[in-house]
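Q: Sequence:
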Amino acid sequence: MERSSQLLKGVLDMCLLAIIAEEPSYGYEMVTKLQQRGLDLVGEGSIYPLLSRLQKQGLVEGYFVESHGGPQRKYYRILDNGVERLRQWSDEWNRLTEGVTNGLTGDDDE
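Residue numbers (our numbering): 347 to 456.
These aren't lab readings, by the way, just hints derived from the structure by calculation. Be a bit skeptical, because a hint or two may be false.
Straight line, CA to CA, 30 Å or less: simulated DSSO-like cross-link-like pairs of lysine-lysine [claimed, not checked]:
| hint | residue 1 | residue 2 |
| --- | --- | --- |
| 1 | K420 | K402 |
| 2 | K379 | K402 |
| 3 | K420 | K379 |
Based on the provided sequences and hints, a complete structural model is requested.
A: Structure below.
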């Protein structure tokens, strides 16, 4: 479990950006979507610092939306820089996972 948590920390920014790229979302909604996709180690408390960092990096933008009968919710939408960064991270991830898979299976494509 500890190893899974450490691995997740390295890719959670990318996963959050992918969720936001699909549609603007608020924190709890993002956690639910990540958990539905098998990332059940993710909690609300762990994503807010990451969302703040993504916002400071100019990759996402936060904005408030009135909630029906409740407090405002802060939604996040992806910016153009975020779309480009997500593409770069996805390319890097694909190369990395291919290399790891090859390392584990002994395949070297030669």
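Q: Looking back at the hints listed earlier, which ones does the structure fail to meet?
A: none
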